[in-house]
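Novice: Chains as they are written, first to last, in the UniProt record's numbering: chain Y, 1 to 430; chain D, 1 to 430.
Watch out, some of these pointers could steer you wrong.
Given that identical chains are not distinguished, each listed pair holds provided it fits within a single copy or across any two copies.
To be verified - In silico DSS-like cross-links for lysine-lysine, where the CA-CA straight-line distance does not exceed 25 Å: (1) 324 <-> 122; (2) 324 <-> 337; (3) 168 <-> 271; (4) 321 <-> 122; (5) 122 <-> 331; (6) 337 <-> 2; (7) 337 <-> 321; (8) 408 <-> 350; (9) 321 <-> 118; (10) 408 <-> 366.
Note that these hints are calculated values from the structure, not bench results.
Number of protein chains: 2
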Amino acid sequence: MKPVKVGLLGLGTVGTGVVRIVEGHQEDLSSQVGSPIIIERIAVNNLNKIRNIEVDRSKLTEDPWDIIRDPDIDVIIEVMGGVEPTKAYILEALERGKHIVTANKDLMALYGSEILAKAQEKQCDVFYEASVAGGIPIIRTLIEGFSSDRIMKIMGIVNGTTNFILSKMSQEGASYEDVLLEAQQLGYAESDPTADVEGLDAARKMAILGTLGFRTNVELSDVTVRGISAVTKEDITYAKKLGYEMKLLGIADRDPEDDEFSITVQPTMVKNTHPIAAVSGVFNAVYVYGEAVGETMFYGAGAGEMPTATSIVADLVAVIKNLKLGVNGLKAIVPYKPKKLKNDETIAYKNFLLLHVADRAGVLAKITQVFAEYAVSLESVVQSPNANTKDAEIIIVTHNASKASMDKVLKHFEKLDVIQRVKSVYRVEG
Amino acid sequence: MKPVKVGLLGLGTVGTGVVRIVEGHQEDLSSQVGSPIIIERIAVNNLNKIRNIEVDRSKLTEDPWDIIRDPDIDVIIEVMGGVEPTKAYILEALERGKHIVTANKDLMALYGSEILAKAQEKQCDVFYEASVAGGIPIIRTLIEGFSSDRIMKIMGIVNGTTNFILSKMSQEGASYEDVLLEAQQLGYAESDPTADVEGLDAARKMAILGTLGFRTNVELSDVTVRGISAVTKEDITYAKKLGYEMKLLGIADRDPEDDEFSITVQPTMVKNTHPIAAVSGVFNAVYVYGEAVGETMFYGAGAGEMPTATSIVADLVAVIKNLKLGVNGLKAIVPYKPKKLKNDETIAYKNFLLLHVADRAGVLAKITQVFAEYAVSLESVVQSPNANTKDAEIIIVTHNASKASMDKVLKHFEKLDVIQRVKSVYRVEG
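So here's chain Y without its partners, still in its complex pose (with noise of 0.2 Å):
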């Protein structure tokens, strides 16, 4: 039969994966969509780059629109990343009838609507497995496993570098420097590691997920951000006296009422007996809560050339498939719910406070007073003194109190003088 041809942009890490499994699985692939599948062309930034897969030179080119422009190509895969140029070929790529499946979670973050609008125009797939937890096919779950279910919660360890960070800093009481350096040398943490310490990664990946989960258009700007990079020793080391890992979490919560919705990145005190708190090192896990499947969790490499590989190809099969039906862009989900996000009064979790106080009688009345004045209750309250210093410290555990409260509770602590410092607040969850 006619074999598909597809036009890769980027032979990176991804790229070279994606080359490896469609030549490798040719036998396999083939069986399933019932048509050998061609890599035709191949973008790359340098044609004379020393790479290490061996790929026909004549099938490079450095300029995308070669690829795009290319009438023989049917499917392109988009793994060069990056906002723009990106978004410029794939527009002009769907324009022109072709499907896409891309690994690109900030293009699909920020322009997803825009871009899957174009493709439902032209009755053409975007398929973007890749984009979120590698190698989890957590998009597919969402959109065709749970397509009966009312998703109310999701919450997802979706970015490795920082897992790999915060399990090393539990697992061996390391500070967080040393342990961003390690990871730096083993290449699991850029130079600048800013977009995954401080959650841009995640957020990105959250939008996608709630946008999915929620059936409603969620923007990156919809998801509330704090990093992993002010998290110390100590903290993790009252988490786990507690009986918490600390994980930074990716949290979309629904309310099962209104459907209001809020999506928040964050390090999260999680109960260890809660399924995603195993979760360490580079993986990745995602955690959903259906109202009716309850409790489910998918566990998986989040990154990685095979991993990811595996998502894109997984993809171009289905794209393949809906090729030979002829029914490609006819199943695309459109968020159909009105968007409506929680505010400051209706959001509400549980919160972990390490305060320094003055080590005297009556400071645990008068911060417990506080609290009570803003309705917030508590779960426990720990006082011990400071063997080093004259001050004590007092750990507190609330039940769940609306981020309204707990922004008055740490108002006031400001003009409390029996408070020296509030230490640490962490969200808790599990």
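With chain Y's structure known, arrange chain D on it following the hints.
Specialist: Below, chain D alone, put in the same frame as chain Y:
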């Protein structure tokens, strides 16, 4: 738009959940498929039974043929269970061009290939996500999510009853008999628990997963089965001491070189650092190792009204989407690889052995000599005197050894006078 009419065979626990979801999520569902979904008729055993859901009596019938023969019905959801006469209903429904969604693992494990062949002939869909691991969309994941990869190993906790029993035995040091009784009282185990505790239910599910994972026709008789009824408190205590959890695991593995595979269900000691070791209670989990994607795991409720109904209605959504596109039956996966089963020489894994031996010098030498004779190498050997008797106990963990060699070792032990009893032998994983 014209509503889609569904016939439901069975209104037990899962059938009730299906009605609840189709009615309760009607707006979400019809937004996705583009038309209302109506459960038009329901076959029940007894029209007069009191039910914990309100259904229009005029929809009920005691004769499933009324539904199979109704030309207005587009899709049949089968949740009545059993092999006969259910198989006849399904084949006739397909003959009449109706699409099938079923939760029937027995039927799919025994007659899946016959039913799928008939579906292909009639261009009908047969979806069966709910037949394995309830609410976990593992069948979709194997068919679509990992379509690009070569699955090398599947390990599943696919029976909640036995996982509940083993978890309780492990957590509370309780005996098999006591926990089974508790499981029966809680409704987690049937009054005749044979199908669960002897591993037969898990074997059916593993035959289905093996067929999809290895893309070859696995039959139920290809699965070797051993249940948990002989697992003792003592076995579990030893497992924990050595850092293992006892799980009833379905294990399907494939040789990367020659595609030979084996599938087995047996109580297995799983290293407690393996993600599947932490899956406790009635939860299910399926661990999948793909050549490219590496380690993944999918976790959730394996049974129950709403989780199972979630999977059924997700399948229904998929059928209806295909119906609208006119592509039913065209995406069926036909197992295309020839079946090559491993034999006792090529099946290899680690083993745990607990031996009761005479407590005298030279015993250990005699025993290790037997392993050496059959080329089975040992990972660890621990000997300890038993305070209550004049015996000693020896605990041995082997490296990977072929089943043939292990059988020879055990046969040899029968005539070795220093061994009083081979108390336990278990497969070891992780």
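Novice: Kindly indicate which numbered hints from before are broken by the structure, ordering the numbers from low to high.
Specialist: none
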